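**Q** The primary structure of each chain is shown beneath.
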Amino acid sequence: MIVEAQKAKFTEPLRLKGGALLPEFEIAYETYGTLNAQRSNAVLVCHALNASHHVAGTYANDADNLGWWDNMVGPGKPLDTNRFFVIGSNYIGSCFGSTGPASPNPATGKPWGADFPVVTVEDWVAAQARLADFLGIERFAAVMGGSLGAMQALQWALSYPERVRHSIVIAATPRLSAQNIAFNEVARQAIMTDPDFHGGHYYEKGVVPVRGLRIARMIGHITYLSDDAMMEKFGRVLRNKSTPGFDFDVDFEIESYLRYQGDKFATYFDANTYLRITKALDYYDPAADFGGDLSTAFARAQADFLVVSFTSDWRFSSARSREIVRALLDNRRVVSYLEIDAPQGHDAFLLDDPRYHGALRAYYGNIAL
Amino acid sequence: MTETEVISGWIAPGARVLDLGCGDGKLLKYLWQTKQAPGYGVEIDDAHVLECLKNDVNVLQMDLEDGLAAFADQSFDRVILSETLQAIHRQEPLLQDMLRVGREAIVSFPNFGYWRARIQIALAGHMPVSKELPYQWYDTPNVHHCTLVDFEALCATLGIRIRERVVLRDGAPVTMLPNLLGSIALYRVAR
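Protein chains in written order, with this note's numbering: chain A, -14 to 354; chain B, 926 to 1116.
Check each hint, because a few of them may be wrong.
Said to hold, decoys possible - Derived contacts from chain B toward chain A, CB cut-off under 8 Å, selection only:
| id | residue |
| --- | --- |
| 1 | 926 |
| 2 | 930 |
| 3 | 975 |
| 4 | 996 |
Said to hold, decoys possible - Here chain B is said to cover these stretches of chain A; the calculated rule only asks that three of the stretch's residues, wherever they fall, bring their Cβ under 8 Å from a Cβ of chain B:
| id | region |
| --- | --- |
| 5 | 140 to 154 |
| 6 | 312 to 319 |
| 7 | 322 to 333 |
What the hints contain is simulated information worked out from the structure, not anything from laboratory work. Quick caveat: nothing in here was measured; it's all calculated off a predicted structure. The C-beta atom is built at its ideal place from N, Cα and C for all residues, glycine as well.
Using the sequences and the hints, build the whole thing.
**A** Written out as structure tokens, the structure is:
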């Protein structure tokens, strides 16, 4: 499937949850499949931390650049683009095309840098609603996401209850735990204490806080894998040596893997974006305005829900998904819940476990158009 | 008369139903189609969960042995445990939890007091294998078999009232010597 990235510009200012006003913004997006005449087959796919609007397919001029959820979305895939019109949208604050910290600030003509406001999951959903208006979609057949994308799928059902028929919430949590926030804070500190960070104004200095970014990514990667998956994949195997070096070079394969992931990430991801996304994660708590009661928070939802968790996910454990299910049951929502006994940890949502994909295929198959 | 018909007869139109160990979700689908009864199934088996989704039935993949903490007090009209009781390790807390979550519970199980089962043990000297109990002793998912007498004694111990009982054999109700002549027992119970 050859796809093409597009951009939509919105000149009406967006008031953000934190109080700031975003005077104008662009959203990068891709679409797959065809919107039907009734406009009833649109599915919005929300991405997680380091992904983008490039959900599926490849580009004509970049055949190796496969979309991040290509095993899930496409012709004949569980989310079948022969039947559904699928939209991948890049959230604001990103570094992959939508307006973000590296974009020019209309007030100065220079990159926003540190002045780009902190955005929230609610802000992303509000911006995506503008995109839906622009594309002429009044009501989505489904909004789907994993991890941070799942928070957006949840929030869609809360911000725009009448615009979502199905909310598909994978590897989710209704709010971060103290431990989750702690990991994010370590990542932010790694970035902000990098001498090349310059308080967020590093673009104009022509430098990148590479050291901070790579450590942030290394920390993230530890939380994406289960203990078992990491042991299975790397064990205590030494990297290109038969005995430990008794120095501080790479000894173990896992060290090499983390360094590689960190280095790769630092070449393409923006530090200011990373700070903002982790804050968006930390701040998300739909129950906060309801005395911490998730059931009351979900009272306004109208969608049907599919909630999926993976038993080895310790970042957002199955217990957190069951909190969502409980809140939905308390509100008598139509809901199904899958707890898939997969060993890979949080990252399982990106893999193609046949139980997981079979369930999604069956669920989408029953969505009437 | 099938088990499904007996259970369906105990479900009022529009009743909220929770089916524990719901298998492929056919019962819930039937209750929705015939009684417009909205329901949820609880199932642990991956293949069954997928069948439920295909049948467009709400299914929650959870382990009954962990209890029913996902469900609020008195949030269902009927909580069904159909031919699952014998596969549960700890029946007492589950039965209590069923009546915390539901106004009434419906429980069915293969009667181990059925004469064919008795004969297989008493005369042939081996564990019963039958249409209702198709497993060999070494590959059965069932861990706690009981008879009508046993179940009713447990209900009495737990303070659970039996509102109705139907005993079946080959699709026909058994009224005479049910603990000896019935192969499947169904109960409607409440606090």
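**Q** Determine for every hint whether it applies to the structure shown.
**A** The hints, checked one at a time:
no.: 1; hint: 926; verdict: violated, 31 Å
no.: 2; hint: 930; verdict: violated, 26 Å
no.: 3; hint: 975; verdict: holds, 5 Å
no.: 4; hint: 996; verdict: holds, 6 Å
no.: 5; hint: 140 to 154; verdict: violated (count 0)
no.: 6; hint: 312 to 319; verdict: holds (count 4)
no.: 7; hint: 322 to 333; verdict: holds (count 5)
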